[in-house]
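Trainee: Here's the letter readout for the chains.
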Amino acid sequence: MIKKRTETAELETQNDAQVLLTVTIGNAQIGGNVVRFKDAPVLLAKGEITRLVIGNGSELVGKTLKIVTNILDVNEQTNKIVVTYFVEGCTPLVTVFNDTVGNEGDIFSLTVEFTFK
Amino acid sequence: MMVLMALYGRSQMTLPINDLNIPTSPAFVLLDKSPASIEKPSSPKALAVSLVNVWEKSGAVEFTPYWFRDRPAYTFRDNLQNRAPVFQTFAISAATAKVDTVTGLSIGFRTQFFKSYSKALSGDILAKAKEIIDLLSVENPEDIDMAAVNNAKKELNYLQTKTTFIAELAGAYKGESSPSRSLAAAKAGIWLHLRYTPDKFPLTFVGLARYTWGAGAVAHSGRDTAFFDYGINLSYQNEDFDIQAEYVNRRDFSERANYDRLAIVVNYQVIPGIVAVASLGKDFKRVNNVFALLGVKFGISREVAKLN
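First to last, the sequence lines map onto chains X and L. Numbering of the first sequence is given in this note's numbering, commencing with residue 1 and proceeding in unit increments. Numbering of the second sequence is given in this note's numbering, commencing with residue 1001 and proceeding in unit increments.
These are computed hints drawn from the structure, not numbers from a lab. Every residue, glycine too, gets a C-beta built ideally from N, C-alpha and C. Fair warning: there could be bad hints in the mix.
[Said to hold, decoys possible] Computed footprint of chain X on chain L; a stretch qualifies when at least three of its residues, placed anywhere within it, have a C-beta under 8 Å from a C-beta of chain X:
(1) 1067-1080
(2) 1113-1122
(3) 1125-1134
[Stated by the list, open to error] Far from chain X by the CB rule (all over 12 Å, computed), these chain L residues:
(4) 1050
(5) 1089
(6) 1091
(7) 1098
(8) 1138
(9) 1140
(10) 1144
(11) 1146
(12) 1162
(13) 1201
(14) 1205
(15) 1212
(16) 1262
(17) 1292
(18) 1298
[As the list claims (entries may be wrong)] Distance condition first, Cα-Cα at most 30 Å in a straight line; then the derived DSSO-like pairs of lysine-lysine:
(19) X:4 to X:38
(20) L:1200 to X:46
(21) L:1128 to X:46
(22) L:1115 to X:4
(23) L:1130 to X:66
(24) L:1162 to X:4
(25) X:66 to L:1045
(26) L:1040 to X:3
(27) L:1119 to X:3
(28) L:1297 to X:3
(29) X:63 to X:117
(30) L:1098 to X:4
(31) L:1057 to L:1040
(32) L:1040 to X:4
(33) L:1130 to X:46
(34) L:1098 to L:1153
(35) X:117 to X:4
(36) X:4 to L:1057
(37) L:1200 to X:3
(38) L:1154 to X:3
(39) X:46 to L:1119
(40) X:3 to L:1057
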């Protein structure tokens, strides 16, 4: 079974600082990501995301980054899901989302749209 | 389904090594009763409710406190490489049962205090995790190949059970109360389990130990006092045959006596579906204690049942 959720958030850029994205899947679960700018045809990255270069702060203002994170519950000790988005070069630096799936083996699909200001 | 035809040599076998295995829920074992249902709360609030239910209506509860809170920085890789997952695997079990006018209350714990995978096995597990990550990396979740994900998850679960070395500890304590007597200690037990499986050789070494003792009134009554049991099992398996040797020793502290048991069991597949079985050993008893068994097993069905 797949549980879906959509979230939006705003990020304030710090002038020309380079913006880097890291996605961490906690609770010993396994997850994969797809990253692109909203409505853009080209994917930025997929899979595990560690310090992915998004761009310079000033170039990103007004743009929206869309991240789809799909997490499989593989931890038999818990059905809780927690995913952390670290966006270096922006404020807030850290955005965390928590949720729960019904059973082990279920998938949690989170779509987050970060708008840069 | 297998049909066993055997020629018996001697008396029945007692205390096989599997009896010394750490129980999944130690509290339930001391209660000598299987609970009708087990509540597994995942938060402190749910735990409070479960404990009230267990106390008032009899029943069982099992929980792992570490996972009551989210662990945002604890990744799958961290969990794989964690050689001392004491907190992550520390589980508490509690149960109550009523027999006539006596209420039994048992509480137990279980944890892995050491776990490791060989380099090759770690590599296989991470490769399987990467396969799952790739399957999950799709933009539309409806496009996820669920059959492939489920299959990969099953393979991942299987790989994760093949720990190279594991050490586990468990303990439990039981009390009893009745209308004429307030809650008092009755019985306690502690278990230790060690297993080593070398990577490149299909051999497994298992060591098990258990110490159980009567507490309070039970200890003074002379029934069911203190025993220390330990057992060692060595097994080798390949496609056509497997051989197991096991030794179990019991020290009865009340009788100040030692008993031991040695058994060797061989299964050999003559042709697919027909397996020859032989076992030989020495039982706990002091006389008439040698046993020998020779038999043939016929496979009627090719289906394999697995317990997950």
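Trainee: Tell me, in ascending order, the numbers of any earlier hints that this structure violates.
Mentor: Hints 2, 5, 6, 8, 9, 10, 11, 20, 22, 24, 25, 27, 28, 30, 34, 36, 37 and 40 contradicted; others consistent.
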